[in-house]
Structure formats: structure tokens, C-alpha cells
Amino acid sequence: MFYIQTLNKISPVGLDIFDRSRYSWGDDMDAPDAVMVRSASMHDLELPASVLAIARAGAGVNNIPLEKCAQKGICVFNTPGANANAVKEMVLLGLLASSRRVVPALNWVQTLKGELPPQIEKGKGSFVGPELKGKRLGVVGLGAIGVLVANAGAALGMKVYGYDPYLSVDAAWGLSTAIIHATSLKEVYENCDYVTLHLPCNNETKGMVNAASINMMKSGARLLNFSRGELVVTEDLLLALGERKLAAYVTDFPTEEMLGNDSIVALPHLGASTPESEDNCAMMAASELKTYLETGNILNSVNLPNVSLPRSGAARICVIHLNVSGMMSKLSTILSDAGVNIENMINGSRKDYAYTIFDSTTKVDNSLADKLSAVPDVIRVRII
35 MFYIQTLNKI SPVGLDIFDR SRYSWGDDMD APDAVMVRSA SMHDLELPAS
85 VLAIARAGAG VNNIPLEKCA QKGICVFNTP GANANAVKEM VLLGLLASSR
135 RVVPALNWVQ TLKGELPPQI EKGKGSFVGP ELKGKRLGVV GLGAIGVLVA
185 NAGAALGMKV YGYDPYLSVD AAWGLSTAII HATSLKEVYE NCDYVTLHLP
235 CNNETKGMVN AASINMMKSG ARLLNFSRGE LVVTEDLLLA LGERKLAAYV
285 TDFPTEEMLG NDSIVALPHL GASTPESEDN CAMMAASELK TYLETGNILN
335 SVNLPNVSLP RSGAARICVI HLNVSGMMSK LSTILSDAGV NIENMINGSR
385 KDYAYTIFDS TTKVDNSLAD KLSAVPDVIR VRII
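No gaps in the numbering here: position 252 of the sequence shown is 286 in the working numbering, and each next residue is one more.
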């Protein structure tokens with residue numbers, strides 16, 4: 035029996051992925067095998083030694099201590115692409131709202147009293163804004179969401195610049211041929227009327243939109259951020275809006291300083307808040323956990339290498355270890371001394387960490403896990 039702890043309310047559609055005869059789940063578990071989480075912070079949570087994996091039902095993993103988990107041999111998954119369409123639709127809303135001044139117009143209409151038509155005709159000129167067709171859109175980050183946004187922008191008649199130095203082959207296949215491949219952020223900033231951010235927040239990207247980068251943008255450009263608030267330096271942003279260097283900012287991550295600013299469209303983190311998105315994320319997260327717990331295969335991990343091997347043989351030996359030289363020789367020697375015949379194997383690495391799967395032609399004793407665990411730089415061993 036596998037035990038899954040849920041730290042947030044998880045869509046029942048996702049939990050239905052688990053076979054009730056083999057799985058039990060709930061928010062109160064003493065020794066769970068895995069954890070499913072959405073937005074709850076896990077940084078101060080002391081995880082029991084039983085936890086093998088964590089699945090985040092969403093793309094961002096800022097609420098999970100990734101390095102700490104890797105050090106303990108806990109595989110962390112996210113669900114890339116599961117909420118992509120929901121966020122794409124919000125970005126389209128943001129593009130329109132930043133141009134047509136819909137939000138202040140709505141607020142103004144609510145203040146009217148008496149006969150409305152003459153007041154509307156007299157006041158509507160204050161809310162004039164440009165059309166999207168023919169304008170230039172810069173999409174920074176071409177992952178699952180960025181690709182959809184870029185293609186949608188092109189479908190609206192915009193000239194789209196896409197920038198991503200780490201563009202994957204799969205993402206490239208999904209891009210419309212109309213998308214211009216920008217070779218630098220400078221090219222995007224200097225050419226585009228709208229810039230939308232679709233990348234994670236890390237040491238390289240935190241504060242990437244600042245006074246220097248804003249200065250490279252076209253005067254009157256509109257900036258959209260549905261990724262992470264920390265990508266933008268708030269003080270520099272507000273100054274640029276005040277000086278009209280930027281015409282508008284649309285964000286899903288408002289701060290107190292942004293409230294009451296007519297040039298800012300502030301949304302309460304609604305990007306992925308659709309029932310379809312919550313279902314998709316929960317189903318993907320559950321599938322990732324189920325696959326890892328039952329087969330040891332890793333897909334969509336954010337802290338360990340993605341390694342997958344079709345199951346063969348009578349037993350599977352899974353080893354999480356540091357990415358150091360000589361490790362394969364040490365592991366193979368122990369297996370050989372134990373009389374284990376390896377039918378198939380695979381190894382993968384991700385920065386400091388590596389993961390190796392061995393399939394044995396015969397069943398192996400659980401005491402083998404203790405011998406492998408005793409090897410220096412081995413973090414965790416599982417026999418399935």
C-alpha cells in the first residue's frame with residue numbers, strides 16, 4: 035500500500051488516477067510515501083524519512099525546497115503544460131486590457147448617474163487604446179505556455195518575437211513558422227510594443243526586468259508578467275510607469291505599492307485558476323507519482339535527472355547518488371559480488387545528482403539495498 039499526503043485540496047479527478055486497492059490518501063499521514071501539493075509552502079516543513087517523492091500540481095516550484103529534497107533523495111515533480119492553456123487565455127486578456135484601458139473604463143462607468151448616453155459619449159475618449167493587430171509582441175521564454183502565447187499572438191495578426199536560449203526540440207516543433215527567432219533580450223526589448231514573461235524565477239532571472247532592461251524597451255511599451263512577481267524590480271517598474279517609459283503593466287502578482295495605479299492591471303494570481311487546469315495538473319501530478327512509486331521511472335522532475343527504462347527482469351534496483359566518477363564501477367561490483375545478473379540498465383545525471391536503474395533477471399534480497407546504501411555518495415536505494 036502506498037500512502038499519499040495532500041497538503042492542499044487536490045482535484046478528485048487527479049486522485050482517481052490512484053488504484054484504491056493500492057493507494058490511500060489524505061491530509062493527515064504519519065509516514066507518507068509521497069506528497070501532493072499546490073501552493074502550500076514546504077520550506078519549513080520537516081518531511082518524514084518515508085517520503086520518496088513530491089508532486090507539485092502546477093509549474094512553479096518556489097514553495098518547495100528543491101536542493102534539500104535532492105540531498106535526501108526525494109524526487110520533486112511539477113506539471114509543465116498542464117495549465118498552459120489557462121495561462122495563455124489570461125495573457126490574451128492581459129494584452130487586451132493593457133491596450134484598451136478596459137479596467138479603468140469599467141470602474142468609470144460604475145460612477146455614472148442619471149442619463150448615461152451623453153456622459154458616455156463625452157467621457158469615452160479617456161479610454162482610447164491601440165489595437166493589437168500589426169503590433170510587435172515579444173515572448174520571453176518559450177516553454178509550454180510561451181509557445182501557446184506566441185502562436186496566439188501571431189494568430190491575432192501581431193508580429194511575434196520569441197526568445198529562449200534553452201529552447202527545447204519539442205517546443206520548437208510547436209512554434210508557428212511566423213514567429214521571429216530573437217537572438218537576445220535586447221532585440222526583443224528594442225523592437226516590441228508588448229513584452230510578456232514566461233520563465234521561472236531563479237538566480238539568473240530574478241530581477242531581470244529592472245531599470246537597465248526597461249531603458250532598452252520602446253517608449254510606451256506594455257509589460258505583462260504571468261510567471262513570477264520577483265522577475266520584475268517593483269521600484270524600477272513604478273518609476274518607468276510614472277515617467278511614461280512604460281505605458282502599462284499587467285501582473286498576476288501584485289504588491290501593495292502597485293495598488294491604485296491606473297497604469298497597472300493587477301490580478302489575484304488567476305492565471306491557472308480554472309477547473310480544467312486544476313484537473314489537468316492533478317492528473318499529471320498523480321500519474322508522475324504513480325509511475326515513480328511503481329516503476330522508479332522519473333518524468334518531469336525538477337531536482338533529479340529524468341530517467342526512464344521499460345521494465346524487464348524480476349527486480350528493479352533504483353539508486354539516487356551524487357554525480358561523481360567511479361560510481362558505476364562501485365555499484366556494479368557490489369551487484370556482481372551478490373550474484374545479481376543485470377539484464378538492462380540506464381543512468382542519467384543532472385548537475386550534482388545522478389540516478390541509475392538496474393533491472394535484474396532474478397529477484398534480489400532487500401539486504402542488497404543496505405550494501406548499496408553504504409557506498410559513499412549514494413543517497414537513496416530502492417528495490418522494486
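No lab work stands behind these hints: they were computed from the structure. Small disclaimer: the values here were computed from a predicted structure and weren't measured. Incorrect hints may appear among the rest.
As the list claims (entries may be wrong) - Computed cross-link-like contacts, DSS-like style, restricted to lysine-lysine with a CA-CA straight-line distance of at most 27 Å: (1) LYS102 - LYS169; (2) LYS240 - LYS167; (3) LYS147 - LYS167; (4) LYS385 - LYS405; (5) LYS102 - LYS167; (6) LYS240 - LYS252; (7) LYS385 - LYS397; (8) LYS279 - LYS102; (9) LYS252 - LYS193; (10) LYS324 - LYS279; (11) LYS324 - LYS385; (12) LYS220 - LYS193.
Structure versus earlier hints, numbers of those that do not hold, lowest first: 1, 2, 3, 5, 7, 8, 10
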